[in-house]
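**Student:** In case you want the letters, here they are:
Protein chains: 2
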Amino acid sequence: MTDSVVIKEVAARDGLQAQPKHLTLEQRQQLIEALAETGVPELEIGSFVSPKAVPQMAGTDVLAANLPAPAISYSALVPNMKGYDAAIGCGVKTLAIALAATEEMNQNNIRMSLEQTFAMGEDLMTRANNEGVSVHAYLAVAFECPYEGPVSPDVVLSQARQLMACKPARLVIADTIGAANPGAVRDLMKPLVEEFGADALGCHFHDTRAMAMANVYAALEVGVRQFDSSAGGLGGCPFAPGAKGNVATEDVVMLCEAMGYSTGIAMPRLLTAVELLSEFIGSPQGGRAHYWLSKNAA
Amino acid sequence: MTDSVVIKEVAARDGLQAQPKHLTLEQRQQLIEALAETGVPELEIGSFVSPKAVPQMAGTDVLAANLPAPAISYSALVPNMKGYDAAIGCGVKTLAIALAATEEMNQNNIRMSLEQTFAMGEDLMTRANNEGVSVHAYLAVAFECPYEGPVSPDVVLSQARQLMACKPARLVIADTIGAANPGAVRDLMKPLVEEFGADALGCHFHDTRAMAMANVYAALEVGVRQFDSSAGGLGGCPFAPGAKGNVATEDVVMLCEAMGYSTGIAMPRLLTAVELLSEFIGSPQGGRAHYWLSKNAA
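First to last, the protein sequences are chains A and B. Counting from 1, position 74 in the first sequence corresponds to residue 74 in the numbering used here; the numbering is continuous, with no gaps. Counting from 1, position 289 in the second sequence corresponds to residue 289 in the numbering used here; the numbering is continuous, with no gaps.
Any given hint could turn out to be false.
Pairs of lysine to aspartate or glutamate residues, derived as EDC-like cross-links and limited to a Cα-Cα distance of at most 16 angstroms, are as follows [stated by the list, open to error]: (1) A:82 <-> A:104; (2) B:190 <-> A:221; (3) B:190 <-> B:148; (4) B:82 <-> B:123; (5) B:167 <-> B:122; (6) A:190 <-> B:221.
Cβ pair distances, simulated, as ranges [to be verified]: (7) B:295 <-> A:191: 31 to 39 angstroms; (8) B:295 <-> A:167: 21 to 29 angstroms; (9) A:116 <-> B:295: 52 to 60 angstroms; (10) B:257 <-> A:165: 33 to 41 angstroms; (11) A:199 <-> B:111: 48 to 56 angstroms; (12) B:130 <-> A:152: 37 to 45 angstroms.
So, partial list: chain B residues that the calculated Cβ filter (under 7 angstroms) puts toward chain A [stated by the list, open to error]: (13) 183; (14) 217; (15) 259.
Calculated from the structure, these hints are not laboratory results. A virtual CB, placed ideally from N, CA and C, is assigned to each residue, including glycine.
Assemble the whole structure, with the sequences as input and the hints as a guide.
**Tutor:** Dropping the structure here:
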């Protein structure tokens, strides 16, 4: 156990990817620079997906070629081997892949069976290991699936073992639809930490049902020390006013630091990045403690 | 340990008491009726304080005389023995008193020393015991004081022992300014539950710094089963847009029920009460999961 928490900032990917407001490449570049200034150790810059399917992420290759502060670990999401090639071609050294824990989610989301998705992920991780590329394997809808409902922890444990056999740099348990509760997080993450160790694991939470911060605490309590979060809490359904997105980086930082874990993140710089994000998106962004922070963190 | 959680609904008191919009007595009556319809077991109806100091709470005696559904445990806040007399005179059988854990908070808030405040509380509890009246003793600013900063758990434990000697029906540990973190909640509530038992304790959290839900979970994990909350999360500083208030009843209910604890509260009726509250206050109220709930709870 360490006294620090590693935050992976995902606003530039998970935050932006579903926004109706498409940021320009220059804006995305500025956002990445502002986020890099915060001191965050890991930063997801975008994804290598079809620009037809996700126009918000077009040009991630250009961003990858112009990254600031090389001390940060930059990563990008890739959906398949084609994305792997594109990302590696631009010098990205950490890739994220998302594998859904249920048949229906895979079928509906990427029109592949669960077996096909996992086989693709295993091929990709095997290749990455051979080529010295790090992979963050995301197990999506690990608590509940929008099509199949609650996902059994036994299923997730079994899938985790299958994926861990391919030695990803990190297995990220993702509550994709914000349906986890802290008791479920505790019950799932405890055996995972015991079996694989905290260094091999991360958690990715959304605040859809108001439980993201409780889930972060529950994961911390069973030893998890690596969390995804999004500056300003960006990442909710943009068409649903008030629909909460990813757990906000500023809220997670405050929780961790209040509990004595260092994150390396400078809050005033993070709030500056959130301001920039608000300007680009065209509406105020901010975690739940934004008002308090704006008065107290400078 | 039981598999149910007792929620004390405080919107009609802690929620309304600082709002710039003063509800009429008829509106407060309607709100209490709507909240009573939710199935909540405990409901704070107002406070017996000077109408000059807190005009929002004027006429609580009238409300007390017209309470619906007698199965609910109704309570009111009283600041002193004069308030005690007034409340008892209207038939209120459970009184709440607030004693701040720090010298400066008592001095600044009610112009009494900490010693004087505790002596007043002890006198009141002694009288209440003799007269068969229940008292919820609130230990305010139990985690951090706006004047003195962090409050030592040892101080709170010692004050808790002092107050418990007067046998209140409940000792409520109150994070008055929303400064607690879940680690601090765990470390304070664990010894309290071990020493006094869960039935004698409650927690009162504010979401000022985004940690209220994590704090509820932390308290649940060490055995606390009684929580204050406010429908719609009403109770933030009304002059500060975005300043979060009391932890929202709907969020706490969702957390508890998701973890398998029953609360007895019917979510659709609670959302109806929040709608009424929004109408009366003149702006949308709602906990953090409000959007999700509005689509899924009916």
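**Student:** A separate judgement is required for each hint: does it hold in the structure or not?
**Tutor:** Right, here's what the structure says about each hint:
About 24 angstroms separates the Cα atoms of residue 82 of chain A and residue 104 of chain A, which puts this hinted pair outside 16 angstroms; it is violated. Proposed proximity of residue 190 of chain B and residue 221 of chain A is supported: the alpha carbons are some 15 angstroms apart, at most 16 angstroms. For the proposed pair residue 190 of chain B and residue 148 of chain B, the alpha carbon gap of about 24 angstroms is over 16 angstroms, so the pair is violated. With a C-alpha separation of about 12 angstroms, the suggested pair residue 82 of chain B and residue 123 of chain B falls inside the 16 angstroms cut-off, and the hint holds.
A threshold of 16 angstroms between alpha carbons decides the hint, and for residue 167 of chain B with residue 122 of chain B the separation of about 9 angstroms falls inside it, so the pair holds. With a C-alpha separation of about 15 angstroms, the suggested pair residue 190 of chain A and residue 221 of chain B falls inside the 16 angstroms cut-off, and the hint holds. At roughly 33 angstroms, the beta-carbon separation of residue 295 of chain B and residue 191 of chain A lies within the given 31 to 39 angstroms, and the hint holds. Taking 21 to 29 angstroms as the suggested C-beta distance range, the pair residue 295 of chain B and residue 167 of chain A does not conform, at roughly 41 angstroms.
Judged by the Cβ atoms, the range 52 to 60 angstroms given for residue 116 of chain A and residue 295 of chain B is violated: they are separated by roughly 32 angstroms. Checked against the hint of 33 to 41 angstroms, the C-beta distance between residue 257 of chain B and residue 165 of chain A comes to roughly 37 angstroms, which is consistent with it. The beta-carbon spacing between residue 199 of chain A and residue 111 of chain B, approximately 55 angstroms, falls within the hinted interval of 48 to 56 angstroms. One distance hint, 37 to 45 angstroms for the beta-carbon pair residue 130 of chain B and residue 152 of chain A, is violated here, with the actual separation near 56 angstroms.
Checking residue 183 of chain B against chain A by beta carbon gives a least distance of about 4 angstroms; that is within 7 angstroms, so the hint holds. At its closest, the beta carbon of residue 217 of chain B sits 4 angstroms from a beta carbon of chain A; the interface hint therefore holds under the 7 angstroms criterion. Below 7 angstroms, beta-carbon pairs count as interface contacts, and residue 259 of chain B has one with chain A at about 4 angstroms; its hint therefore holds.
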